[in-house]
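Student: Could you put the whole structure together from the sequences, leaning on the hints where they help?
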Amino acid sequence: MHGLQRTRKTPTVTGIVFILIGMALTGGGAWLIALGGSLFYAIAGLGIVLTGALLIARRRSALWLYALVVAGSVLWSISDIRFDWWPLAARLDVIFPLGLWLLTPWVTRGLDNGNRSPSRASTLPLWGASLLSIVVLGIGLCSDYHDIDGSLPAAVAAAASLPSNDDKQPDEDWRDYGRTQFGQRYSPLKQITPANVKNLKVAWTFRTGDLPGKNDPVETTFEVTPIKVNDTLYLCSQHQRLFALDARTGKLRWSYDPKVQDNPTFQHLTCRGVSYHETVAGALNADGTPAPTDCPRTIFLPVNDGRMIALDADSGKPCESFGEHGTLNLQVGMGEHTPGFYEPTSPPIVSDKILVVAGAVIDNYSTREPSGVIRGFDIHTGKLVWAWDSGAQDENALPSATHTYTNNSPNSWMTASYDPKLGLVYMPMGVQTPDIWAGNRTALAERYSSALVALDINTGKRVWSYQTVHHDLWDMDLPSQPTLADLPTANGVVPAILQPAKTGNLFVLDRRTGVPIVPAPERPVPQGAAPGDRTSPTQPFSELTFRPEAKLTGADMWGATIFDQLACRITFHRLRYEGTFTPPSLQGTLVFPGNLGMFEWGGIAVDPTRNIAIANPMAIPFVSTLIPRGPNNPSAPNDAHPSGTENGVQPMYGTPYGVDLHALLSPVGIPCMRPPWGYMAGIDLTTKKIVWMHKNGTIRDSSPIPLPFKLGVPTLGGPMTTAGGVTFLTSTLDYYIRAYDVTTGEQLWQDRLPAGGQSTPMTYAIDGQQYVITAAGGHGSFGTKIGDYVIAYKLSN
121 MHGLQRTRKT PTVTGIVFIL IGMALTGGGA WLIALGGSLF YAIAGLGIVL TGALLIARRR
181 SALWLYALVV AGSVLWSISD IRFDWWPLAA RLDVIFPLGL WLLTPWVTRG LDNGNRSPSR
241 ASTLPLWGAS LLSIVVLGIG LCSDYHDIDG SLPAAVAAAA SLPSNDDKQP DEDWRDYGRT
301 QFGQRYSPLK QITPANVKNL KVAWTFRTGD LPGKNDPVET TFEVTPIKVN DTLYLCSQHQ
361 RLFALDARTG KLRWSYDPKV QDNPTFQHLT CRGVSYHETV AGALNADGTP APTDCPRTIF
421 LPVNDGRMIA LDADSGKPCE SFGEHGTLNL QVGMGEHTPG FYEPTSPPIV SDKILVVAGA
481 VIDNYSTREP SGVIRGFDIH TGKLVWAWDS GAQDENALPS ATHTYTNNSP NSWMTASYDP
541 KLGLVYMPMG VQTPDIWAGN RTALAERYSS ALVALDINTG KRVWSYQTVH HDLWDMDLPS
601 QPTLADLPTA NGVVPAILQP AKTGNLFVLD RRTGVPIVPA PERPVPQGAA PGDRTSPTQP
661 FSELTFRPEA KLTGADMWGA TIFDQLACRI TFHRLRYEGT FTPPSLQGTL VFPGNLGMFE
721 WGGIAVDPTR NIAIANPMAI PFVSTLIPRG PNNPSAPNDA HPSGTENGVQ PMYGTPYGVD
781 LHALLSPVGI PCMRPPWGYM AGIDLTTKKI VWMHKNGTIR DSSPIPLPFK LGVPTLGGPM
841 TTAGGVTFLT STLDYYIRAY DVTTGEQLWQ DRLPAGGQST PMTYAIDGQQ YVITAAGGHG
901 SFGTKIGDYV IAYKLSN
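The numbering of the sequence shown is my numbering, which starts it at 121 and goes up by one.
Among these hints, one or two may not hold up.
Using 27 Å as the maximum straight-line C-alpha spacing, the simulated DSSO-like pairs for lysine-lysine come out as follows [what the hints assert, rightly or not]:
hint	residue 1	residue 2
1	321	288
2	321	379
3	830	321
FRET-style restraints, in silico, Cβ to Cβ [stated by the list, open to error]:
hint	residue 1	residue 2	range
4	311	377	33 to 41 Å
5	270	377	47 to 55 Å
6	826	322	19 to 27 Å
7	751	129	33 to 41 Å
8	681	374	30 to 38 Å
9	259	824	24 to 32 Å
10	377	578	32 to 40 Å
11	755	866	53 to 61 Å
12	407	329	37 to 45 Å
13	374	648	24 to 32 Å
14	648	377	49 to 57 Å
15	658	268	25 to 33 Å
16	333	457	21 to 29 Å
17	503	398	16 to 24 Å
Simulated from the structure, these hints should not be mistaken for lab results. Even for Gly, the Cβ is constructed at its ideal location relative to N, Cα and C.
Tutor: Spelled out as C-alpha cells, the structure:
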C-alpha cells in the first residue's frame with residue numbers, strides 16, 4: 121500500500137520540480153529574447169513546464185513531450201557549438217538527467233494513475249532522445265576544436281653562425297631574470313630530456329618564512345625567478361627579503377631584510393627577481409673615474425617602497441660606495457611621494473657602467489601620481505647619469521630645484537631587455553594612468569603609451585619607439601620582458617625583438633630600427649568613446665597573434681549548468697561589445713582579450729638554436745563599466761589612501777568617471793566564456809606560424825569539488841625551455857609544475873606543488889647535475905594558495 125502511494129506521488133512531485141525548472145528557463149529565456157539572444161531557452165522552458173503539467177495529470181504523453189525537449193536541445197546544441205564537450209555539457213547537464221529520471225519505474229509506473237504497466241512504445245521516444253544525447257556527448261568527449269597538433273623543427277644547421285648575445289656566463293648558470301638580458305628564458309643544459317624527465321624528484325625545499333601579513337594588500341605575490349651565479353642562488357620574497365642559498369643543498373648562506381614599509385594601500389607587494397653585476401679589474405665609473413672595489417660582485421634588490429639596494433653577493437652586506445650606504449632613494453625628483461604609489465617590482469638592467477631602473481605606478485587612482493620616469497644610474501656609485509621621462513617635453517631633463525619628473529607619465533613596470541652590441545635597452549611601456557579614461561591625456565603622454573621604446577643605455581636618448589596600442593583605454597600595455605633573437609628572414613639574419621602584448625599580438629620588430637619584421641597592419645576598430653573621450657580610428661594587428669579573429673557571441677558563453685550559462689548569455693547581451701577594442705562605456709563594455717591580457721608578465725621562451733618560441737597564452741573576458749561622479753563615487757578622496765587592489769571599483773580621481781573592472785564571471789564564480797582559458801603553444805620563428813597549441817591545466821584547485829578536469833586554465837608566470845628539448849611551466853591556476861616536449865607540446869611529467877606556482881621556473885647545473893627550480897607561494901588576487909616554498913628538482917638515480 122505504501123509503495124503504491126509513493127508511486128502515485130512521484131509523478132506529482134516530479135511534475136512540480138519540472139514546472140519550477142521550466143518557469144526559470146522560460147523567464148530567463150524571455151529576457152534573453154528581449155535582448156536579441158537565442159529563442160531556445162524560452163522554448164525549452166515552456167516544453168519543460170508543459171511536461172510538468174502532464175506529469176501532475178499522470179499522462180504518458182509527458183514522456184513523448186519531454187522526448188521532443190531532449191532531442192530538440194541536442195540538435196540545437198550541435199547547431200550552436202558543434203560537438204565541443206564542455207559547452208555541450210553546460211547545455212544538457214540538467215535536461216539530459218531529467219530525461220533519465222522520467223524513464224525510471226518510480227515515474228513511469230505512476231502515470232495513467234498506475235492502472236497499467238508502462239508500455240515500451242510510450243518510453244521508446246524518450247529512450248531514443250536519451251541515446252542521442254549519449255552519442256552526441258560521447259562524440260564531444262572525443263573532439264577537440266581548440267588544440268592544434270604539429271611538430272616544431274629540430275635545431276637548425278645555421279644556428280652556429282647566428283650572431284650571439286655575447287653571453288659569457290657558463291652553461292651551468294642562470295645569471296639574469298631571463299637567464300641573459302636577451303630575455304630568452306632558454307638554457308643550453310641537456311641532461312633532462314623527454315625520455316628521462318619522468319624521473320625528476322624533489323632534491324631540496326627551502327622555506328623563506330615570508331608570508332602575507334595583516335597590513336599587506338591583496339596583490340601580495342611570490343613571483344620570483346631565482347638567479348644562479350657559480351654555486352649560489354639569489355632570490356627575493358614578497359617583502360623583498362633577499363636570500364642567498366647553496367645551489368647544491370638549498371641551505372641558507374645569508375639573508376637580508378630591507379624592512380619594506382608596506383601597508384594595505386600598496387597596490388602591489390612583490391619581487392620578481394634581482395640583478396647581478398660583476399666588476400672587472402680596472403673598471404671605470406660612468407664619468408671615467410676608477411670604480412670602487414668594495415663590492416666586486418653585486419646583487420641589486422628592488423624594494424617596493426621606492427628604493428634600490430646594492431648588496432655584496434658574497435656577504436649580503438650593503439655596498440657602502442653605492443648611493444647612501446648601499447641604498448638609492450628612487451623618490452628623488454618625483455613630484456608625488458605617497459608610499460606605495462611608485463613601486464619597483466622587477467629586476468633592473470645592468471651594463472658595465474649603467475644600472476637602468478624603472479618601476480610600477482599605482483593604476484586607476486588619480487591623475488596626480490608619480491612619474492613613470494626611467495633612469496640610468498652609475499652601476500658602481502649609484503650617481504644619476506640620465507633620465508628618460510616619457511611624458512616630458514624634454515624627455516631627458518634631469519631634476520633640479522625648479523624641475524621634477526612629470527606626474528603620471530607612462531611607466532615601465534616589467535623587466536627590460538638589453539643588447540650590449542647595439543648598446544640599446546628595450547623598455548616595454550605602460551599607459552598613462554588612469555588607464556581606462558584618456559579624455560585629459562596630453563599629446564606628450566600619448567606618444568609612448570603602450571609602446572616598445574629603445575634607449576641608448578649610456579645616454580638615455582630615445583633611438584626608436586613602436587606603439588602597439590593607440591590611445592589605450594583598456595590597460596592593454598606591454599606586460600612582459602621583450603625577447604631578443606636573431607631570426608632568419610628573406611633578407612638574411614635580422615636582429616629581432618619579440619614583444620608579447622596583452623592583446624594577444626606578438627610583435628616582431630627589427631631591434632635596430634623598430635620596423636616590423638612580421639607585418640602589423642592598421643585596422644579599423646569600434647568607435648564611440650564615452651562623453652569627453654575619443655578613440656583611435658585604427659589599431660595595429662600583428663599577423664603573428666593568438667588573438668581570436670572571430671568576435672565572441674552568445675554561443676561562447678558558458679556555465680556550470682544551463683542556468684548560469686543562460687545568466688551569462690543575458691549578461692553578454694546587456695554589455696556593449698563590438699569586438700576587440702570596444703571602448704569602455706557607462707553601459708558596461710565586454711573587453712576581450714580582457715584586462716588581464718592574453719600575455720602577462722611571464723613572457724615567452726625562445727630557443728635560438730631551433731628558432732622556436734614557447735608561449736602560454738590565456739583568454740578571460742573582462743567587464744569595464746564607467747561610473748559617473750556622484751554620492752557613491754566622489755570626485756576627490758574621502759580617505760587617506762586607496763585600497764590595495766586592481767579589481768573592483770577604481771576611483772580615477774581627476775576624471776569624470778570611476779571604473780568597475782572585473783572578470784566576466786557566472787553567478788557561481790566561473791568564467792562566462794567557454795573553456796579553454798589557458799594554453800601551451802609552440803611557434804616556428806622561421807615561418808612565423810603557431811605550430812602546436814594545447815589546452816593546459818585543470819580546475820582541481822579552483823572548483824568546489826577537486827576534480828582534475830583538464831579545461832585549460834589561466835596562468836600568471838611564464839615558460840622556461842632547455843636545449844634538452846623540455847619546457848617547464850608552473851604558473852597555472854592549479855598547483856603543479858609540468859614538463860612538456862618542446863617539439864610537440866605533449867605533457868611529459870607533473871608534480872604537485874604545496875601552494876600556487878605563480879612564478880617562472882629556471883634551471884641550472886652544479887657538480888654535473890641539472891636542477892629545475894621554482895617558487896611556490898601563491899598569488900593574492902589570483903586566488904591561489906599562499907606559501908613560502910622554493911623547490912628544486914633533479915633526476916633520481
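Student: All hints, please: hold or fail.
Tutor: Status of each hint after checking the structure:
no. : hint                  : in the structure
1   : 321 - 288             : 30 Å, violated
2   : 321 - 379             : 35 Å, violated
3   : 830 - 321             : 24 Å, holds
4   : 311 - 377: 33 to 41 Å : 35 Å, holds
5   : 270 - 377: 47 to 55 Å : 49 Å, holds
6   : 826 - 322: 19 to 27 Å : 22 Å, holds
7   : 751 - 129: 33 to 41 Å : 54 Å, violated
8   : 681 - 374: 30 to 38 Å : 55 Å, violated
9   : 259 - 824: 24 to 32 Å : 28 Å, holds
10  : 377 - 578: 32 to 40 Å : 34 Å, holds
11  : 755 - 866: 53 to 61 Å : 56 Å, holds
12  : 407 - 329: 37 to 45 Å : 42 Å, holds
13  : 374 - 648: 24 to 32 Å : 58 Å, violated
14  : 648 - 377: 49 to 57 Å : 52 Å, holds
15  : 658 - 268: 25 to 33 Å : 29 Å, holds
16  : 333 - 457: 21 to 29 Å : 24 Å, holds
17  : 503 - 398: 16 to 24 Å : 20 Å, holds
Violation of the numbered hints given earlier is confined to hints 1, 2, 7, 8, 13; the remaining hints are satisfied by the structure.
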